[in-house]
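Peer 1: So the protein lines, in turn, are chains S and B.
Counting with this note's numbering, you get residues 1 to 300 for the letters of the first sequence.
Counting with this note's numbering, you get residues 301 to 600 for the letters of the second sequence.
If you are wondering where the hints come from, they were derived from the structure by calculation, not from laboratory data.
Remember, it's a predicted structure, so these values are computed and weren't measured experimentally.
One or more hints might be untrue.
[As the list claims (entries may be wrong)] To list a few chain S residues with every Cβ distance to chain B over 10 Å, as calculated: (1) ASN26; (2) LYS95; (3) ALA154; (4) GLY175; (5) ARG178; (6) LEU217; (7) PRO226; (8) ILE230.
[What the hints assert, rightly or not] Below, a list of computed lysine-lysine pairs in the BS3-like style, where the Cα atoms sit at most 27 Å apart: (9) LYS141(S) <-> LYS401(B); (10) LYS307(B) <-> LYS395(B); (11) LYS241(S) <-> LYS448(B); (12) LYS54(S) <-> LYS582(B); (13) LYS592(B) <-> LYS282(S); (14) LYS282(S) <-> LYS350(B); (15) LYS591(B) <-> LYS50(S); (16) LYS327(B) <-> LYS282(S); (17) LYS541(B) <-> LYS187(S); (18) LYS487(B) <-> LYS591(B); (19) LYS307(B) <-> LYS54(S); (20) LYS54(S) <-> LYS36(S); (21) LYS582(B) <-> LYS443(B); (22) LYS370(B) <-> LYS241(S); (23) LYS77(S) <-> LYS395(B); (24) LYS54(S) <-> LYS395(B); (25) LYS29(S) <-> LYS95(S); (26) LYS401(B) <-> LYS441(B); (27) LYS141(S) <-> LYS198(S); (28) LYS441(B) <-> LYS54(S); (29) LYS136(S) <-> LYS282(S); (30) LYS582(B) <-> LYS29(S); (31) LYS582(B) <-> LYS50(S); (32) LYS590(B) <-> LYS282(S); (33) LYS95(S) <-> LYS7(S); (34) LYS307(B) <-> LYS436(B); (35) LYS36(S) <-> LYS70(S); (36) LYS7(S) <-> LYS54(S); (37) LYS377(B) <-> LYS241(S); (38) LYS27(S) <-> LYS401(B); (39) LYS307(B) <-> LYS50(S); (40) LYS448(B) <-> LYS592(B).
In this text, a Cβ means the ideal position worked out from N, Cα and C, and glycines have one as well.
Number of protein chains: 2
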Amino acid sequence: MQTLVKKIAITGGTHGNELTGVYLVNKFKANPNLVKRGTFETLVMHTNVKAIEKCTRYIERDLNRAFSLKDLADPEKYSYEDLLAKEINAELGPKGSADPKVDFIVDLHTTTSNMGISIIIDNDNTLTWQLAAYLKEREPKVKIFTWKGDTGDAAFVHSIAPNGFAIEVGAVPQGVLRADIFLETEKLIYHILDFFEKLNTKQLEELVGTVETYDYLELFDFPRDPEGNITGMVHPDLQGKDFMALQYGDPFFLTFEGETIRYEKAEESFAVFINEAAYYEKGFALCLCKKKSVKIPTMP
Amino acid sequence: MQTLVKKIAITGGTHGNELTGVYLVNKFKANPNLVKRGTFETLVMHTNVKAIEKCTRYIERDLNRAFSLKDLADPEKYSYEDLLAKEINAELGPKGSADPKVDFIVDLHTTTSNMGISIIIDNDNTLTWQLAAYLKEREPKVKIFTWKGDTGDAAFVHSIAPNGFAIEVGAVPQGVLRADIFLETEKLIYHILDFFEKLNTKQLEELVGTVETYDYLELFDFPRDPEGNITGMVHPDLQGKDFMALQYGDPFFLTFEGETIRYEKAEESFAVFINEAAYYEKGFALCLCKKKSVKIPTMP
């Protein structure tokens, strides 16, 4: 690969109650040598300081849905997170620029779903996919999930840079630090730094072949009554089973009255983000996806 | 036992982001027959509606610390939860009255700690302990924890009534419904209703002997720097090990720099509320307790 990387950003606290990213950024700020490499600059930052202080996901709106080009250009958007997104875009972007301030963003998240250690990708860029494949080679348990969900126009923090993704690790409650999850995320960050150092010093062998991914199919809501109230829960047999195959007839939801609602699609699929706390208000209980083997993009 | 019970209360949503209680109260309101018994009245209520709407623990202060006699009588206490506590006290109490409006309160909670299905008791009253022993006989996995923690004067919701306790079930994240935990809590409530029905119809045999409890010893904070910032996490070997024995030298915390801090007391103890999200701001990482076998109080 020809690409050279001059600056990357490690961002945490985009959701202020996802503590792993918050405290990893603290650690790297206190020990900058941990993320310093010879051939590029590493910026570490808390993206939503006010939400971190309040230990809440956001103040007025989800910051990690506020980075569409449309919203960033819209002067009518002036909630706390809209203004914050414009600020961050000025600092790390601007998004879509031919000469952005950072080449790559990794945004650190956690989830109450049992996602293990996963990477959420929403672009087709070679460098992003080469890195994802590199990580999966080193840590085979890493799952790659391609998101085409509720955002439409890519609106995540990491979309500001030409390349990037979110690391999404769980299960961990909001407002809780789990040492195992902290350590897994930290290890992945060091692999990412190694990747860019190898890339810049021409020691990286471009990966060819395929990589296993879970591709977004559809968001699936809880059962609800006509007023919109939830009438059931994720079925106990499905709880915690992120990335496992769902077949026709498998238990899906359990109503409060004790009735089992079953998975009724003919095709096998895989559920992820099962019972994520933050998605109750967004109106979905889980996301269905398809397992695929995709060709790793290589440089032309 | 001679006692007759005229009215009990099942309360949920004292912490608005602990969804099991919120949705069980919804279920019982929609199906009052489930909690209706012949010899006493059952009131079901959401205690903190505004916190439930916002899916947050509280609006201004922890409602479940607002029921001390001192605070209830203090006209200077007028935060949202202070006023709410006074309202609830008028509806269910008043606390300390010779003729309170309800005889027993069970307040429904969940925790991010791996507490299984446990009962938190902070009084020595015969009826409360008879019921606790009755539940443990029917569901041996129920743990009884006696709290003499951060509250001093009993300040919990259930302290309004002459008898009562909190059900505390976990691990479940804040803002999440888990079907297994919902079902376990519901089953315990039906046992409680059976107990009072048997009591009132003289079909209850008074329990004698002893019951296993975990008694409060001390609250234990995270390691912190001089500015009060957390410098470590619950050790991965301790995470999720609520109610298991801790011996001298066992791993206790893991600092962000990777150093293990060990349990250094000579005496064995047992940790509970390990890594509960809501207790970070209260300044404790866990509660140490002592396992005991206590004589079940009987009627004089």
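Peer 1: Work down the list of hints and note, for each, if the structure agrees.
Peer 2: Here's how the hints hold up against the structure:
The Cβ of ASN26(S) sits about 7 Å from the closest Cβ of chain B, inside the 10 Å cut-off, so the non-interface label is violated. Residue placement check: LYS95(S) keeps its beta carbon more than 10 Å from all beta carbons of chain B (closest about 31 Å). No Cβ of chain B comes within 10 Å of the Cβ of ALA154(S); the nearest lies about 26 Å off, and the non-interface call holds. Listed as a non-interface residue, GLY175(S) fails to keep its Cβ farther than 10 Å from every Cβ of chain B; the least gap is roughly 4 Å.
At roughly 6 Å from the closest C-beta of chain B, the C-beta of ARG178(S) falls inside 10 Å, breaking its exclusion from the interface. With a cut of 10 Å on Cβ distances, LEU217(S) stays outside the contact zone with chain B, its closest approach being about 23 Å. With a least CB separation of 14 Å from chain B, PRO226(S) remains clear of the 10 Å interface cut-off, as annotated. Not every Cβ of chain B is farther than 10 Å from the Cβ of ILE230(S); the closest lies at roughly 8 Å, contradicting the non-interface assignment.
The hinted pair formed by LYS141(S) and LYS401(B) fails the criterion: a straight-line CA distance of about 57 Å is larger than 27 Å. Between LYS307(B) and LYS395(B) the alpha-carbon distance is near 15 Å, which keeps this suggested pair within the 27 Å criterion. Straight-line distance between C-alpha atoms of LYS241(S) and LYS448(B) comes to about 38 Å, which puts the hinted pair past the 27 Å bound. Note on LYS54(S) and LYS582(B): the hinted pairing holds, with a Cα-Cα distance of about 14 Å set against a maximum of 27 Å.
Among the hinted pairs, LYS592(B) with LYS282(S) is inconsistent with the structure: their alpha-carbon atoms are about 46 Å apart, more than 27 Å. Taking the CA atoms of LYS282(S) and LYS350(B), the gap is near 20 Å; set against the 27 Å cutoff, the hint holds. This hinted pair does not check out: LYS591(B) and LYS50(S) have alpha carbons roughly 42 Å apart, beyond 27 Å. Taking the CA atoms of LYS327(B) and LYS282(S), the gap is near 23 Å; set against the 27 Å cutoff, the hint holds.
A C-alpha spacing of about 25 Å is found between LYS541(B) and LYS187(S), which places the hinted pair at or below 27 Å, so the restraint holds. Taking the CA atoms of LYS487(B) and LYS591(B), the gap is about 26 Å. The hint holds against a cut of 27 Å. Proximity of LYS307(B) to LYS54(S) is assessed by CA-CA distance (about 39 Å); at most 27 Å being required, the pair is judged violated. Annotation: proposed proximity of LYS54(S) to LYS36(S) is violated, straight-line Cα distance about 30 Å (limit 27 Å).
Taking the CA atoms of LYS582(B) and LYS443(B), the gap is about 24 Å. The hint holds against a cut of 27 Å. Between LYS370(B) and LYS241(S) the alpha-carbon distance is near 48 Å, which puts this suggested pair outside the 27 Å criterion. A distance of roughly 50 Å separates the Cα atoms of LYS77(S) and LYS395(B); the hinted pair therefore is violated under the 27 Å criterion. About 33 Å separates the Cα atoms of LYS54(S) and LYS395(B), which puts this hinted pair outside 27 Å; it is violated.
A C-alpha spacing of about 25 Å is found between LYS29(S) and LYS95(S), which places the hinted pair at or below 27 Å, so the restraint holds. Restraint check for LYS401(B) and LYS441(B): not satisfied, since their Cα atoms lie roughly 32 Å apart, outside the 27 Å limit. In summary, the hint linking LYS141(S) to LYS198(S) is supported, as the alpha carbons are separated by about 22 Å, within the 27 Å threshold. At roughly 36 Å between alpha-carbon atoms, LYS441(B) and LYS54(S) are farther apart than 27 Å, so this suggested pair is violated.
Annotation: proposed proximity of LYS136(S) to LYS282(S) is violated, straight-line Cα distance about 30 Å (limit 27 Å). Our distance criterion of 27 Å between C-alpha atoms is met by LYS582(B) and LYS29(S), whose separation comes to about 26 Å. For the hint pairing LYS582(B) with LYS50(S), the CA-to-CA distance comes to about 19 Å; that is within 27 Å, so the pair holds. With a C-alpha separation of about 43 Å, the suggested pairing of LYS590(B) with LYS282(S) is violated against the 27 Å cut-off.
Proximity of LYS95(S) to LYS7(S) is assessed by CA-CA distance (about 15 Å); at most 27 Å being required, the pair is judged to hold. The straight-line distance between the Cα atoms of LYS307(B) and LYS436(B) is roughly 23 Å, inside the 27 Å bound, and the hint therefore holds. Between LYS36(S) and LYS70(S) the CA atoms are separated by roughly 34 Å; this puts the pair beyond 27 Å, and the hint is violated. A C-alpha spacing of about 30 Å is found between LYS7(S) and LYS54(S), which places the hinted pair above 27 Å, so the restraint is violated.
The straight-line distance between the Cα atoms of LYS377(B) and LYS241(S) is roughly 47 Å, outside the 27 Å bound, and the hint therefore fails. For a cut-off of 27 Å, the pair hint linking LYS27(S) to LYS401(B) is broken: about 53 Å separates their Cα positions. Distance restraint check for LYS307(B) and LYS50(S): the Cα-Cα separation of roughly 45 Å exceeds the 27 Å cut-off, and the hinted pair is therefore not satisfied. At roughly 15 Å between alpha-carbon atoms, LYS448(B) and LYS592(B) fall within 27 Å of each other, so this suggested pair holds.
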